[in-house]
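Spelled out from the first residue to the last, the chains are:
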Amino acid sequence: MSLEISAGKPRPIVTALVVLAIAAIIFFSISRIGYFWVMLAPNLVLLLVTLVMLFAFFEKKPEKKMAPKDYPRLTVILPVHNAQETIEKAIEHVRNSDYPNKIEVIAVDDASTDSSPQILAKLKAVKVLTMKKNVGKAAALNAGAKLAKGEIIAFVDADSYVENAAFKHAVEAILEDDEVGAATCFIRVVDANKSILRKVQEIEYYTGFGFAALASHLLDAIFVTPGPTTVFRKTAFEKIKGFDEHNITEDLEMAWRLRRHGFRIAYSPESIVYTEVPDTIKALYRQRLRWYRGKLFNVRKYSDMLFNKKYGNFGLFMLPGSFSAEFAGIVLSFSFVYLLFRQAAWLASYLASSLAVGTLSLDLSGFALVGTSAIAMGAVIVIPWIFALYLSYGMAGRKFGLRQVPQLLLFLFFYGTVVSFFYCASFIKEVNRSDYKWK
Amino acid sequence: MEVKKGLYLKAALAALALFIISVSVGYYVEAQNYSALETKLADIEDSTQTALLVNLFMQTHNSSSMCGALETELSDVERETYAVYTQLEQNKGMNILTNYDSLRKKYFLMNMRFYLTLRAYKQSCADSNLQPILFFYNAQNDCPECVAQGKVLDSLRQRCSNYRVYAFPNDVEQISMIKTFKAYYHVSSAPSLVVNDQTITGIQSEQQVMARATCVQTA
Chain D
1 MSLEISAGKP RPIVTALVVL AIAAIIFFSI SRIGYFWVML APNLVLLLVT
51 LVMLFAFFEK KPEKKMAPKD YPRLTVILPV HNAQETIEKA IEHVRNSDYP
101 NKIEVIAVDD ASTDSSPQIL AKLKAVKVLT MKKNVGKAAA LNAGAKLAKG
151 EIIAFVDADS YVENAAFKHA VEAILEDDEV GAATCFIRVV DANKSILRKV
201 QEIEYYTGFG FAALASHLLD AIFVTPGPTT VFRKTAFEKI KGFDEHNITE
251 DLEMAWRLRR HGFRIAYSPE SIVYTEVPDT IKALYRQRLR WYRGKLFNVR
301 KYSDMLFNKK YGNFGLFMLP GSFSAEFAGI VLSFSFVYLL FRQAAWLASY
351 LASSLAVGTL SLDLSGFALV GTSAIAMGAV IVIPWIFALY LSYGMAGRKF
401 GLRQVPQLLL FLFFYGTVVS FFYCASFIKE VNRSDYKWK
Chain B
1 MEVKKGLYLK AALAALALFI ISVSVGYYVE AQNYSALETK LADIEDSTQT
51 ALLVNLFMQT HNSSSMCGAL ETELSDVERE TYAVYTQLEQ NKGMNILTNY
101 DSLRKKYFLM NMRFYLTLRA YKQSCADSNL QPILFFYNAQ NDCPECVAQG
151 KVLDSLRQRC SNYRVYAFPN DVEQISMIKT FKAYYHVSSA PSLVVNDQTI
201 TGIQSEQQVM ARATCVQTA
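Protein sequences, first through last, are from chains D and B. Under the working numbering, residues 1 to 439 are what the first sequence spells out, in order. Under the working numbering, residues 1 to 219 are what the second sequence spells out, in order.
Only chain D is shown next, with the shape it has when bound in the complex (with noise of 0.2 Å):
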């Protein structure tokens, strides 16, 4: 199924006008201002953010309610599209939660072309729902949650693996308050030792899902449902329609949506799921322009909460905060791209002189970009970020020491190199409304 994101016939001529002008008052900013102060604007957008963040986490947590004497009936439904590699793991999970009541288990089979079905078939206690023809994720669910019997309903997808408690604490959660639609859970890598690209993504999941998420919590503003876990009110659920058949990111798209029905939502720390992630750059890159360009996209599709005082802290600093890391990510991403092209253009002409003249020295310091007050002023800048790295260590019961230093330079520099490209690929393509298809 095809998921068109963006209306409309492709623009090629408006995105080079568009990306021109970017570039025009990048090469303008950078060769007036200097490198440094169009990078650091940005930056400090997001500092501003992250100090947000810090200092909600620091405030006095709310006392959690004593648990229910009686847990509702849950149902939980897992969307299976090709997952044959994973998904009798991930049921096994299910399976295996120490949740208080019983289980209800669907398995939506959106038109699989591997030996899931068959490996579904054999699962005892799991309703299978085969759709005749492949659906996309929103609407698989959507078709699952119709037979939902359960007052709870988790979405659970066929590559995450719920541990033994999550559940329970999620529906704690949700019935702390009646307001409450949802309850997030702490996502995290599965097997992060398995390769690079793992080790990397497990910072960002520890950030993301873990600190980041407990302080949106704590500002009652969490910004996303996510995919791999989410526990729901079946009320809710079914009052504002289900998910967004037609949205690329629709557990963003729903988060958003709770929020304009005045649900609010709530995040179980002790709720942990682990879920793969990408393991080629290929599929990181298909991965991330779903999500930013999902993002991109809803951030115009609701932008009129933003700084609407009625959506409390979620209208009024996350989704401009939100808006604004778009914004700073796509003036960064870009400023950095054109710095890495620029200084690989001077590269190339340098090692061709050299080499033209028989020459070659390899003291590259002409072609340095940062000096020791760059570096010394970005490292003060980069202090509450770090902070925010070890609170969120902590909360996954890890150590953030020496051992962590190589993982989190790669993360700066090579995953942070890469995502800039895959942001402006995704900006580019988000302008040109390039159709976008979800496999």
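Accuracy of the hints is not assured; some may be wrong.
Stated by the list, open to error - Pulled a few chain B residues facing chain D out of the computed Cβ check, cut under 8 Å: (1) 7; (2) 11; (3) 144.
What the hints assert, rightly or not - Derived DEER-like restraints, expressed as beta-carbon distance ranges: (4) D:375 to B:197: 41 to 51 Å; (5) D:16 to B:31: 39 to 49 Å; (6) D:37 to B:179: 26 to 36 Å.
Unchecked claim - Simulated crosslink set (DSSO-like; lysine-lysine; CA at most 30 Å straight-line): (7) B:10 to D:399; (8) B:5 to D:61; (9) D:301 to D:241; (10) D:60 to B:10.
Derived from the structure by calculation, the hints contain no laboratory data. The C-beta atom is built at its ideal place from N, Cα and C for all residues, glycine as well.
Add chain B to chain D, keeping to what the hints say.
This is chain B only, laid out in the frame that chain D set:
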């Protein structure tokens, strides 16, 4: 839904404080570098004055008795000035908070004086084999060829003990003496070299430079 205004205020103040601290740290680092360069320039200034006076003495007394001592002095000063040039030019654009223009202007003027002193010395001490080389490069516009030419000259300075290199920016209009130099030697683009009063435009290899100026191989 409670809006946490106090929290935002605290975060904004903390961001401002961190920004001020970071600028202060950056400024401190640059001030240290600036001060170190300024001290080096002051030392070179003293040596240049000494060389000038010795040269003047020899010209006034029509004597070549101090040629050896002057050559040593000139060689020492050239090493120091070249090191300062490298620091000034390699760090160009990396100094964010401090303006190095006045320091650079001071350096270039002193370097010119020093170059002219060497030329005068060669007249006073006829058997000197010192080879002054003028190097014009782009300081403000990207010029990878200039950097490559600089590396060639670095290598030549190591290889030929009698080569003395004086580098000047081709694209800095504020220093009138540089304009005079450029006009005199017909320099219009970078990189350009002036070897034995002949101007060569475009990047030159070590062999090409050595073909124009006798090289006394370093022992």
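Enumerate the violated hints, using their earlier numbering and listing them in ascending order.
The structure conflicts with no hint, since it agrees with every one listed earlier.
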